[in-house]
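Residue numbers (this note's numbering), protein chains in the order written: chain A, 925 to 1037; chain B, 205 to 318.
The hints are simulated quantities; they were obtained by calculation from the structure and are not laboratory data. Note that the coordinates shown come from a computational prediction; the quantities given were computed from them, not determined experimentally. Incorrect hints may have been included.
[Unchecked claim] Okay, derived cross-link-like pairs now, DSSO-like style, lysine-lysine, Cα gap no bigger than 30 Å in a straight line:
1. A:K962 <-> B:K305
2. A:K943 <-> A:K962
3. B:K305 <-> A:K965
4. A:K962 <-> A:K942
5. A:K942 <-> B:K253
6. B:K305 <-> A:K964
[Claimed, not checked] Covered stretches of chain A (chain B as the covering partner; in silico rule of three or more C-beta atoms under 8 Å from a C-beta of chain B):
7. 958-968
8. 972-984
Every residue gets a Cβ at the ideal spot worked out from N, C-alpha and C, and that includes glycine.
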Amino acid sequence: DTEVTQTPKHLVMGMTNKKSLKCEQHMGHRAMYWYKQKAKKPPELMFVYSYEKLSINESVPSRFSPECPNSSLLNLHLHALQPEDSALYLCASSQVGQTNEQFFGPGTRLTVL
Amino acid sequence: AQSVTQLGSHVSVSEGALVLLRCNYSSSVPPYLFWYVQYPNQGLQLLLKYTTGATLVKGINGFEAEFKKSETSFHLTKPSAHMSDAAEYFCAVSDLWGAQKLVFGQGTRLTINP
Chain A
925 DTEVTQTPKH LVMGMTNKKS LKCEQHMGHR AMYWYKQKAK KPPELMFVYS YEKLSINESV
985 PSRFSPECPN SSLLNLHLHA LQPEDSALYL CASSQVGQTN EQFFGPGTRL TVL
Chain B
205 AQSVTQLGSH VSVSEGALVL LRCNYSSSVP PYLFWYVQYP NQGLQLLLKY TTGATLVKGI
265 NGFEAEFKKS ETSFHLTKPS AHMSDAAEYF CAVSDLWGAQ KLVFGQGTRL TINP
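In isolation and in its complexed conformation, chain B is listed as follows (with noise of 0.2 Å):
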């Protein structure tokens, strides 16, 4: 079964610093791999995901992932934290076509400290 593991449910970063969030997997097989992101009352919005071709991802706000399959990993990265990136962020593994199931990471809640 497939498995999960964010590293840090809580990180601060400055204004202006590299934001880096942890995701660690685990599959039998190919997975396929999102990130989400959750403002405070609000739904799941996704950010981006990878399923075939190009391990680095790009997507919404800046955000980008790479696709790493020798370390079972897909870090969520952003150059530069503005305060609107604060919010909770969980990422998901999908391992098979039309499996219906998303595993979700515990989350990590990111704050960006002016």
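The following block holds chain A by itself, in its conformation from the complex (with noise of 0.2 Å):
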């Protein structure tokens, strides 16, 4: 299984609601990633966890609040989130400690009304 699955497909959402994205992958792959995807732009990159821990926070603001509660599985919470936060939010998953390459899920278009 070479797949990174990612739910929901769409969400809608207001300003003041919490809501949670998920990614999940069974490669064995013990890095996974959240990166922010606005249009016609590069991801940029959230958050990174190695071996089911926070390694790197790229200064994301509070309101977006990571957890990997296995190795398998990324969650991204979801709070009080403004309208610039609308884009498309893209999890990966890799080996640690080799060439980097990442394997991208097919994504969460996130509208935040």
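Relying on the hints, combine the two individually framed chains into one complex.
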């Protein structure tokens, strides 16, 4: 299985809502990533988990809260988002300690009203 | 710090013509280089990668790229474009074993004219 799955595919939320994005992989990768991608731009790294521990936080606002409950799952909890947070959120995974070849999921299209 | 420059934010070619997407990188150590493709409203798919060894790398869908250290380039080519190649293409670099960060170029949108 060489697939990274993400749910939901689309999400619309108000600025006072709390929602979560989910990501799952079964490739045995021990590094997982969250990216934010705006239209016509490259992905921007948000968080990196290595062996289920947060290793990189790219100064992301606290309204985004990541969680890695086990080696296969990655969540992104959302609370009090702003309209400018609307974007495609991509999850990726890779082996740790190698070339950093990352496998991406299909993304969640988030719209904040 | 490493960086990636993709020359041309938009490239347009005719169906059947040569595709050439340019990527130059900056890295203080031998890099690992990747090309990803992104179709509309989808995630990124790895086309090909250079890690070590042969400098001409073949990927999926008929694409290939050549690592040229002297020119710090990793240009992507395909001999004959197909309509299905229309997408956004990103070049990326990682220059440390286990660095956990990919540095992406700004992307090149490829349009295929019938």
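| task | Starting from the hint list further up, note which numbers the structure goes against and sort them upward. | result | Of the numbered hints, just 5 does not hold.
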